[in-house]
Every structure is written in C-alpha cells, then in structure tokens.
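*Asks:* FYI, numbering that gives the first Met the number 0 numbers position 106 of the sequence shown as 105, with every residue one higher than the one before it.
By construction, these hints were calculated from the structure, which means they are not laboratory data. The reader is advised that the hints may include incorrect statements.
Unchecked claim - As a list, the in silico DSS-like pairs of lysine-lysine whose alpha-carbon atoms are at most 30 Å apart:
no.: 1; residue 1: 214; residue 2: 275
no.: 2; residue 1: 92; residue 2: 214
no.: 3; residue 1: 214; residue 2: 308
no.: 4; residue 1: 211; residue 2: 188
no.: 5; residue 1: 179; residue 2: 214
no.: 6; residue 1: 214; residue 2: 274
no.: 7; residue 1: 211; residue 2: 91
no.: 8; residue 1: 298; residue 2: 275
no.: 9; residue 1: 211; residue 2: 282
no.: 10; residue 1: 274; residue 2: 211
no.: 11; residue 1: 179; residue 2: 211
no.: 12; residue 1: 132; residue 2: 91
no.: 13; residue 1: 132; residue 2: 188
no.: 14; residue 1: 211; residue 2: 132
no.: 15; residue 1: 188; residue 2: 214
no.: 16; residue 1: 282; residue 2: 303
no.: 17; residue 1: 211; residue 2: 298
no.: 18; residue 1: 282; residue 2: 298
no.: 19; residue 1: 92; residue 2: 132
no.: 20; residue 1: 274; residue 2: 298
no.: 21; residue 1: 303; residue 2: 275
no.: 22; residue 1: 303; residue 2: 188
no.: 23; residue 1: 274; residue 2: 303
no.: 24; residue 1: 275; residue 2: 211
no.: 25; residue 1: 308; residue 2: 274
no.: 26; residue 1: 91; residue 2: 303
no.: 27; residue 1: 179; residue 2: 132
no.: 28; residue 1: 188; residue 2: 282
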Amino acid sequence: MALRAAPPPPPPAPPPPPPPPPRVGGRHFFRPLSSAAPAPLRKSAVCTKAISNSDGTPGTSDSPHVVCFGELLIDFVPTVSGVSLADAPAFKKAPGGAPANVAVGIARLGGSAAFIGKVGDDEFGYMLSDMLKENNVNNQGLLFDTHARTALAFVTLRSDGEREFMFYRNPSADMLLEEKELDLDLIRKVGELHGFIILLQYLCFSTTTASKAAKDAGVLISYDPNLRLPLWTSADDARDGILSIWDTADLIKVSAEEISFLTNGEDPYDDSVVKKLIHPNTKLLLVTEGPDGCRYYSKEFSGKVGGLKVTAVDTTGAGDAFVAGILSQLAADFSLLQSPFFKF
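Go ahead and model the full structure; you've got the sequences and the hints to work with.
*Replies:* In structure tokens:
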C-alpha cells in the first residue's frame, strides 16, 4: 500500500510588531487610563516636559517639586449616573480627596509629587497608600492612625447637574493629623508646596504649621479652599477658616460659586469683586467657570481663557485636574516663574 505523505509543517508565527519609536525631548501627552482609543489630541492636550531640579537633574518622587497636603479618602459613587444618593441602587468605591487627586494628576503628567496626610490603620488606608505608590507619588508623609478610620464620602452628580455629598467622619483619621506629625523636612525639600486642603477646624493648626514651614523655606504655596459646607459647623466658620490662611498663598484657585460665598453674595463675574480677594502676597488668582473656562488675575494683569467643548460625563474632580495641570506646567518650566508678570 502507498504511504501517505506527512502533512507540511505549520507556517511560522508572524514576527512581533516593532516597538514604538521613543518619545522625543522628554515630552509626553497624558490621557486617562482606558482601553478605548483616545480622541485626537489638539488644543485640549496637556503637554509637559519632565520636571528638573535647579541643577538640571531630573526630578523624582524622592525629591518632589510639589507636596500636596490634606485629605485622602474613599469615595463611594453610584453605579448609575444622574441619581440622588437615596435613589442609587448600589455604589462602587474609588480613591478620592482633592489633594491626593492633584498629586496623582501631577505624577501622571510627568511631574514629581508627594503627599502628606493621615488615613486609618485599616484596609481602606492600605489601599490608598498603595494607590499613591502605584501612581509614582511619594507617600513617605502618609501616616496611619490606629484610633480612627479612613474617611468615607458618598458623592453623586444628580440629573439636575448638582453634586450631592455625604461624609462619614466621627472623626476620621485625616482630621487628626497633628503638628508634631508633619514631615517638615519633606516640605522644606520641595520647590513648591501645594497646600490644597479641605479646611477643617481640626486641621487648622497643622495647616498653619505647614504653611509657615513652606514660607520659611522659600517654598511657593498654592491653595484651593474646595468649599464643602457640610464639613463645617456653620457658613461663618467656613468663611473665617478659609480666609484665615488666604494671605499666605502665592497661587489661589477658586470657583465662581466660592467667590460669591467668600464675598457674602457679591457678583463673582465682576472683576472689581474678584480683585478684592487679591492680597499683597498673591502672585496669581485663578477663577474656574466650568464649561466657560477660567479667568486669571494678578496685581499687574488679568484675562480669560475660554473652555473647550466636550461631552461631560461627571465633573467631580475637574478642579483638581485643572490645578494639577497648572502646577505641573509651572514646575516644568521655571522660566515662567521668572516672568516679570509673576515676579516670583
């Protein structure tokens, strides 16, 4: 009988695709982590160059140029959008806290950032600590409290466009950070302190100490009051607390709604009203207006940058992303800080 010929060998596997070409000049574009293809990057693209030390060496998370000081918590957000907290069928957890959002944003933009604050000695606290490390944020200033839990916040964007918050603090660990626990050496090492905090009566002393250490070291202070009235005993206490460290800040970012609150209901779109909030130490005051962009003010000039048309999914954290972009650009290009307009 005839022998059947052996089947031919399978064709060789195709070679792997060549690696992408290296980026040029240490520049990169940031986009949110997603499996979806990004939209074309045009004017909305945030482009930075790697932040360098004053001697020209690259900045690292061990020698941060920006320190973010304040709260780090767990946000619980509804699994469906456009509903109130009461109507939400379920919630999913996510890392949150304005200062931590800014630190991660700066790190993702190629900058070097550190975080100072306190969480509970619990599973949520460990998760948040790991999140900072995974995003290349220096977390040596993060402490764990064995007597208080990590802060929790429930937040939703309702169908009417209003955000709704519910906080669980009784007290939470972030409220118990004491002056003696501050890593002042970390503050002194940086070229810029981002004093971006949610002000609480419990945090005022540590906030003042951190601000003084920054000033004594010649460190710039950027400040966003991030007003959350439910965290205060009264509106008057909130206003007094926010303004108590106002004149220590070099850069201030506020929303139009916060200007109205701080000026007891005056028109936040009136330049003369905004200029009342400029103090002798102010280098730059930024006013965000949501989809309409932002206004900027100094003692020498003012102006406006229009917003970009996008389909908004959820505006929670938009202000934090804005601040991260501003600070990463200032830290990346020190020539901006030498501008005669700013007179840093």
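*Asks:* Does each hint fit the structure? Answer for all of them.
*Replies:* Taking the hints in turn, this is what the structure says about them:
1. 214 <-> 275: 23 Å, holds
2. 92 <-> 214: 37 Å, violated
3. 214 <-> 308: 39 Å, violated
4. 211 <-> 188: 14 Å, holds
5. 179 <-> 214: Holds, at roughly 18 Å.
6. 214 <-> 274: 23 Å, holds
7. 211 <-> 91: This hinted pair is violated, its Cα atoms lying about 39 Å apart.
8. 298 <-> 275: Judged against 30 Å, a Cα distance of about 11 Å means the pair holds.
9. 211 <-> 282: 18 Å, holds
10. 274 <-> 211: Roughly 25 Å between the alpha carbons, so the hint for residue 274 and residue 211 holds.
11. 179 <-> 211: 14 Å, holds
12. 132 <-> 91: With Cα atoms ~22 Å apart, residue 132 and residue 91 stay inside 30 Å; holds.
13. 132 <-> 188: This hinted pair holds, its Cα atoms lying about 19 Å apart.
14. 211 <-> 132: 27 Å, holds
15. 188 <-> 214: With Cα atoms ~12 Å apart, residue 188 and residue 214 stay inside 30 Å; holds.
16. 282 <-> 303: 16 Å, holds
17. 211 <-> 298: Roughly 23 Å separates the two Cα atoms, so the pair holds.
18. 282 <-> 298: Distance ~7 Å between residue 282 and residue 298 Cα, so the pair holds.
19. 92 <-> 132: At roughly 18 Å apart (the allowed maximum being 30 Å), residue 132 and residue 92 satisfy the hint.
20. 274 <-> 298: With a Cα-Cα distance of about 8 Å, the restraint between residue 274 and residue 298 holds, given a limit of 30 Å.
21. 303 <-> 275: Answer holds: residue 303 to residue 275 is near 18 Å, not above 30 Å.
22. 303 <-> 188: 34 Å, violated
23. 274 <-> 303: 14 Å, holds
24. 275 <-> 211: 24 Å, holds
25. 308 <-> 274: 28 Å, holds
26. 91 <-> 303: Violated - the C-alpha atoms of residue 303 and residue 91 are around 37 Å apart, more than 30 Å.
27. 179 <-> 132: 24 Å, holds
28. 188 <-> 282: 22 Å, holds
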